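Protein chains in written order, with our numbering: chain V, 1 to 717; chain L, 1 to 208.
Derived from the structure by calculation, the hints contain no laboratory data.
Hints may contain errors.
[Unchecked claim] Computed list of lysine-lysine pairs in DSS-like fashion (alpha-carbon distance at most 30 Å, straight line):
#, chain 1, residue 1, chain 2, residue 2
1, L, Lys46, L, Lys88
2, V, Lys152, L, Lys173
3, L, Lys101, V, Lys75
4, V, Lys284, L, Lys30
5, V, Lys152, L, Lys174
6, V, Lys284, L, Lys195
Predicted model, so just to flag it, every value in this text is computed and none were measured.
For reference, the chains in residue letters:
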Amino acid sequence: MTDFPTARFRLLSGQIKAVIWAVIAMLAIAPFASATAQVGGFGGVEPNINARFVAESDTPKAGETVNLALLMTPKPTWHGYWINPGDAGIPTTLDWTVPEGVSVGELRYPVPETLIIAGIMNYVYEGEYALLLPVTLSEDLAPGTVLPLSVKAEWLACTDEVCVPENQTLNFTLTVGDGAIDDARKGRFDAWRGNLPAPLGSEAQYSVSGETVRIAIPLPNSVELEDVYFFSETDGIIDYSAPQKLMRGDDMLIIETGAYGAGEGVMQGVLRIGEHRGLSLTAKDAGEAAFAGFADGASDILGNGKGGADLALGESSLTIFFIAFGGAVLGGLLLNIFPCVFPILSLKAISLAKAGGAASEARRDALAYTAGIILFCLLLGGAMLGLRALGAEIGWGFQLQDPRIIFVLLILFTGIALNLAGLFEFGTVSVGNDLANKGGAQGAFWTGALAALVATPCSAPFMAGAMGAAILLPPAAGLLIFVGLGLGLALPFLLLGFIPALRKMMPKPGAWMDKFRKIMAVPMFFSVLALIWLLGQQIGNDGLLLALAGALSFALFLWWYGVRQRGGSVRSWLPVAPAFAAALAALLLLPLGGAVSGSVGVSSNETLASEPFSYDTLASLRSDGRPVFAYFTADWCITCKANEATALQRTATADAFAAADVTVLKGDWTRQDAEITRYLEEHGRSGVPLYVYYAPGGEPQILPQVLTVDTLTALVS
Amino acid sequence: MSRKFAVALALGASAIVATGFSVPLVAAQKTGQQAANFTLTDANGKSVSLSQFRGKTVVLEWHNPGCPFVQKHYDSGNMQRTQAAARKQGVVWLTINSGAKGKQGDITAKQARALVAQQKARSSHYLFDRTGKVGKLYAARTTPHMYIINAKGILVYQGGIDSIPSARVDDIKKARNHVTGALNEIASGKAVSVKRSRPYGCSVKYAS
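Using the sequences and the hints, build the whole thing.
See below:
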């Protein structure tokens, strides 16, 4: 407030300056001589961005690192530039002259803003901003030594209309002392540190395909994001002025934007996830522009049935694709023994064995079954990719984990399980018999389709990697990954169809088949149980009760249907209508909001009780002689979440900690809490995770970044 | 299993957010491909088309007399030297001003002629592109932003005038002049070694 007159004057002078510059610009020729005077030095002329240095401590300690801030104050309407200025502009440079025993580190830039002027993207700062840099003092420096530092700083100051390169030689001194930091300055530095991007910790990937770049960034689905924008620090990969499209799924954030050049090597950048909040990251080149050529080739294969011989593909990109494709095939193969699929598949396999004699029939069935599976996988994959594309066009923000989809699967699985158990039969012929007797290519085809459908819930564990690739790849190539999944799923059956020797090994059909079918209902019921658990996680107890009431009514009506079937009623199918009506009613009434907002992505239940971290709490616990375990985490940190799920939030860990009377302190750095930032810096870390154990009276022990239950329990035993 | 299951569903219903921006630059010209033709009026009121120079190497230079980065290269004489060397090789040099009316660097034809005379600029034509149509066709982002089109009409270089993005005149002698470098390679029948570089300078002052 006391600064008011000065601020007022500055504002006015800024406006006057802008007007003067506009006039100069109009006159065009006149400024040539005068404008050069602006370049280099300010002979008494006030710069458009005022620069000065502030040290966190004016009396830093020898052997320690002190933070310096280059505080930049642009006049109103002026802006300065990020390390990558964008389409135009230049970054700030510093040329240091420092005495012996002083070493200056790298400039750290806060998260920038985007500024588009007439289609040209600028990465800028409007308003005051601070570039931080660490200065380390040698241990040999004696207390009281005065250290004169001199830096020639050069930067570009621009308005929407004009740019002025500015430079200033800044001189200041530090005195070697006790490292004391006064509270006001600590507060300012904490605020500036809070504007720096936090290191993401996990590696991202990018792929250039024609005019498009896709960047895949590991980020838990549960992280809330605002104003998301990816600032590339590396030039020549992304087109800065192109819009950025975002997609989320599988704990991955995908950014799709325009390519600028072929792009190769590592790309560094900052992902903005909120106002002045960002994550710094490194993205490796996952697959090259050859993916684009691959997409064309892939559509050729699908469209014309031609081979891939004329694919103009780099060897490495083929390798990447085949790894994803191979993973999908293998995943599909393994799916066969999963509770979702095995019951259906085994019955069908037996029916094939029964058709034992006619080899041609077996082959035809196997092919029809494969076709059914692959077509359905393509349909599901296409729907998935299509939804994405559709959503992108209409800007549709779909709820990530829709409980309605889970409910529909719950009803489907309940129906199949009850059918296998023999409670009712599909149509008038029993399913077992249907599958075994009806035969025919059509029957085999639909069995394949059903297998693919019921396999979807089990497919994810094997598809996780391949799914990521499917999203990154162009649509045609992505679809091919789904074909791979289908092929794998169909593989045992194909083999049975084409190798008579295998068929001979299958047991002969008989009365045991009915018993087997009923046993197969058991894994199906377990699958239902898993779905119920999942649904409960999403919609809470009350919602789950409603869903189960719907499922129970559905089951009861089917039971009644079965009774009527066995009784030989004329219209035995009548109860089917109310069965579906009950399911539909429950579906419509299902709560969507969800009781647990944390959703499935993060374990919301804390097995290991903790208190929020603070220096005071830590100090008081330590002075009481209590053992303390401190852990530092953030919602966007995949490594942290993995450690919590596999090691921290475990009963064994919690029990061991409780037995040793360990107090757990949790530091949540999701919003870059200043106190935690300082703690991390003190421990030589720029980001999370960090795990520290304080034995009573002992030295703090920093634990590895990857934890196990054993590591943790060993600490306290 | 169940978590992954949810993920599978999540994938099927991925949330999508589209971040919109105002009109980006239209598709750039690709190095190694035919450069798009254009017709503009020069400072003498003459109509000039790129296609009329087929058979000759053509340099395009985006210009804004008010931009300090342009001034760095003109006040030091670097741009004029580059132009003179190019003209000596029979190269056509087109200086293009895409600044919109009322924006920085918007000058009249008369002012342009005076400027060329005063600075002893050696360009073949000083062209006006006030609508920014040609600038956007070539995705010119900065002043200066340089393009070289060979005798066959193929774009062989686009990017900065040299390799050190700064406003310091001292850096000119330390930097590689990409235009001179490329023109010398073309003159001796070699392939252009640096086909693309990062342009640096002020943003082109388009109307919108």
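Each hint tested on the structure:
| no. | hint | in the structure |
| --- | --- | --- |
| 1 | L:Lys46 with L:Lys88 | holds (23 Å) |
| 2 | V:Lys152 with L:Lys173 | holds (20 Å) |
| 3 | L:Lys101 with V:Lys75 | holds (26 Å) |
| 4 | V:Lys284 with L:Lys30 | holds (25 Å) |
| 5 | V:Lys152 with L:Lys174 | holds (19 Å) |
| 6 | V:Lys284 with L:Lys195 | holds (24 Å) |
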